[in-house]
Amino acid sequence: MPNSQNRNNRRKRGDHSETLIIPHITKEMLEKARSMAAQGASRAEIEQAILQMQTAKSASDNTAQPAAQPAPQQEPDIHRIIPTSRPRYTEEERKAMLEKMRQEQEQQEAARREEATRRTERPAWHFPRPEPVHRPFPHQEEQTAVQQPEPVVQNEQSTQVEATPEPVVQEPVVQEEPTRTMEAVRPKQQPKETAAAKEEPAVQRSVQPAAQSGQKRHAGLLRSRNEAEAELNEKIRSDHVWLSNPVMVRGLGLAPVVGAALDGERALMLCVACLLLVTFTRVLAVAVCHISNNRFRPMIYCYTAAVLYIPVYVLLYNLFGNDLTMLGIYLPILVVEPAIVKRMEFTELEPIRDAWRHGFNNGIGMCAALLIVGCLRELLATGAVFGHQLLQVQLFPLAAQPAGGFVLVGAIAAVWCAVANAYTDYKREEVRRLYADRKH
Amino acid sequence: MPIANIEWTPLLRGGLEFASYMVLAIFAENVILARALGVTRLLKLVPDHKAQIWDFSLPLILVMGLSAPLGWAAHNLFFPWLRNYLPVWLPISALRPLVYLTCGSLAMALTWLLLFVLPRRQRQACRAQLTLGGCSTAVLGTLLICANQNYTMLQSIAFGIGSALGYVFIIFIVREGRRRLRSKDVPAIFQGLPSSLIYIGILSLAIYGLVGHAVVL
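First to last, the protein sequences are chains A and B.
Under my numbering, the first residue of the first sequence is numbered 1, with each subsequent residue one higher.
Under my numbering, the first residue of the second sequence is numbered 1001, with each subsequent residue one higher.
The hints are simulated quantities; they were obtained by calculation from the structure and are not laboratory data.
Predicted model, so just to flag it, every value in this text is computed and none were measured.
One or more hints might be untrue.
Unchecked claim - Ranges of calculated distance between the beta carbons of each label pair, as one might list FRET restraints: (1) A/Ser292 x B/Arg1175: 32 to 42 angstroms; (2) A/Ser292 x B/Leu1012: 20 to 30 angstroms; (3) A/Gly321 x B/Arg1120: 50 to 60 angstroms; (4) A/Asn294 x B/Phe1078: 40 to 50 angstroms; (5) A/Gln107 x B/Ile1202: 29 to 39 angstroms; (6) B/Phe1078 x A/Val314: 44 to 54 angstroms; (7) A/Ile352 x B/Trp1054: 32 to 42 angstroms.
What the hints assert, rightly or not - Which residues of chain A face chain B? A partial, calculated answer using Cβ under 8 angstroms: (8) Leu232; (9) Asn233; (10) Leu252; (11) Gly253; (12) Ala306; (13) Leu371; (14) Cys375; (15) Leu379; (16) Pro397; (17) Ala403.
Every residue gets a Cβ at the ideal spot worked out from N, C-alpha and C, and that includes glycine.
Could you build the full structure based on these sequences and the hints that come with them?
Have a look at this one:
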């Protein structure tokens, strides 16, 4: 018994005939299409012929009713489907709808600007800096004020114009079709002349774009949401002092913090050592890695730190004298401490300038953690800070031991991370609100 | 027929000493619990499911065991010789990291060769972790401790191997603890690094109760 084909798979076959969609087809058009198909004409030729017939028909209609559509008809899209079930809007109705949408968008944008202005007045040192991508050029503003062009419906092309600093090319008036999906009016578009604005004096209108651009620059709304979020994430990631502290957030450099930062004095000595070693090791190791084509990174980083340890030790010995012996093994092991040589695990070779900046920031962050933990441990264990007695009781004597150090650093890290996460969440929410209506 | 007269007492004494130093390094002076050495690598290694623990631990044990006699030689042979050639302004302590790091690097090279006995797959995995294990504070810290304590070569080897075994022991304990610390009962702000640190601190309290005093830095 032959296996019958599945009826549902008929559409999957490639040999089915093409369906030609011709809007507003008449009997003459159908006969013309059949005759052309019989002569072997292609689909595009048939559609072109039908289109010419439709254009001629609509021109004759316009001749009969010249007042209905005074503007010249643009050649419609041949692939567009225009259903006849919906009522057609007149040109005035479409303009009114467009104007209404524009006004709503401007109101929303004004409210958002006001909100952004109110937020930027706060002391937010991590707020993404407003960097306007597009600023209307002075000659464009003058053109806008003087020429007063016809209302231009800009869609995707206006976005391209924003990306390139070339002056805007005024397009002919595009007739809105009833079934066309209306493009959302982007706030980044050039200020459009509205029907109400035509009646205003030209001087007032010439001031308006400059004021709008100033507001946009102030609010920093000209970038996309993704850019703002990426910039915020980069700022969070690069903040090695608080939000991405190498010790409290990333868990690096725990050995000297837990084992040696028992009081303020030791913490201070470790601070100086860490700041020098972290910064210069990173710079020198990156420079050597540039020479060695980024090979042998572990050895390069460790030996760079070990070589740099020699002048650092001499410097520390001159500064602190025999007190350095209080640090025991925790000073020499800094040369393999992950806070210093962690970068060896990354294959990306950063520029020396970035290495300097990141190394210094990491060193500052490690210093902050060391000083906080050292002073707190001394205070809890002995009631003193840097040898100055502040409390007469020993609140937590175990803090002087590694066990207490682990617990204390864990508690500090919990509070630290909670505050940092709350702050980053607040900043992300702020960016999200600022760019709520933007989908790009 | 010749009779071999074996003195069992020195051998037993040496074996006991070796074992006692190993036990000391594993429990009482554990590199992690007592001195917080290698904690960062531990906290990165435990949640890393791609890295098998033994791929990291086997090179670490070999490196620490092989570097111990090299560190002993550097402390007892090289530094006394070098002391005569150093200028006055340069203390010999400034060169300790460089010398002991070289000992660790030589041990890493020997370990790299010894890993040939493993099957290819395990060998590649262990070699991938070799640099991370070798360039660890646990390795350098153990060498420095042995030097500070003036251990003999046998004691240094026992302490080095014991430290490595203690490190591996704590890896397994922290791994299990961290698995349990993923419970929802743990407050959100303590999830991750803080809870792990507090957990290690509580484990360290047991060592503190065992030793009863601060360890020598």
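The hints, checked one at a time:
1. In this structure the supplied range 32 to 42 angstroms holds for A/Ser292 paired with B/Arg1175, their Cβ-Cβ distance being about 36 angstroms.
2. Judged by the Cβ atoms, the range 20 to 30 angstroms given for A/Ser292 and B/Leu1012 is violated: they are separated by roughly 52 angstroms.
3. Checking the proposed 50 to 60 angstroms range against A/Gly321 and B/Arg1120 shows it holds: the Cβ atoms sit about 54 angstroms from each other.
4. Restraint check, A/Asn294 to B/Phe1078: a C-beta distance of roughly 32 angstroms breaks the suggested window 40 to 50 angstroms.
5. Distance hint for A/Gln107 and B/Ile1202: a CB-CB separation of about 59 angstroms, inconsistent with the stated range 29 to 39 angstroms.
6. Range check, B/Phe1078 to A/Val314: about 20 angstroms between beta-carbon atoms, so the 44 to 54 angstroms window is missed.
7. Between A/Ile352 and B/Trp1054 the Cβ separation comes to about 39 angstroms, which falls inside the hinted range of 32 to 42 angstroms.
8. The restraint placing A/Leu232 at the interface with chain B is violated, with a minimum CB-CB distance near 22 angstroms, outside the 8 angstroms limit.
9. Taken as an interface hint, A/Asn233 does not check out: its beta carbon lies about 19 angstroms from the nearest beta carbon of chain B, beyond 8 angstroms.
10. Among the interface hints, the one on A/Leu252 holds; its C-beta lies about 5 angstroms from the nearest C-beta in chain B, closer than the 8 angstroms criterion.
11. Taking 8 angstroms as the C-beta cut-off, the interface hint given for A/Gly253 holds, the closest approach to chain B being about 7 angstroms.
12. With its C-beta approaching chain B no nearer than about 4 angstroms, A/Ala306 sits inside the 8 angstroms limit, and its interface hint holds.
13. Interface hint at A/Leu371: violated, since its Cβ lies 18 angstroms from the closest Cβ of chain B, which is beyond the 8 angstroms cut-off.
14. Annotation: A/Cys375 was flagged as interfacial toward chain B, and the flag is violated, the nearest CB pair being 19 angstroms apart, outside 8 angstroms.
15. Because the closest C-beta pair between A/Leu379 and chain B is about 18 angstroms apart, greater than 8 angstroms, the hint is violated.
16. Given hint, A/Pro397 at the interface with chain B, is violated; its Cβ is 11 angstroms from that chain's nearest Cβ, farther than 8 angstroms.
17. For A/Ala403, the shortest C-beta to C-beta distance to chain B is roughly 4 angstroms, which falls under 8 angstroms, so the interface hint holds.
In this structure, the hints that do not hold are numbers 2, 4, 5, 6, 8, 9, 13, 14, 15, 16, in rising order.
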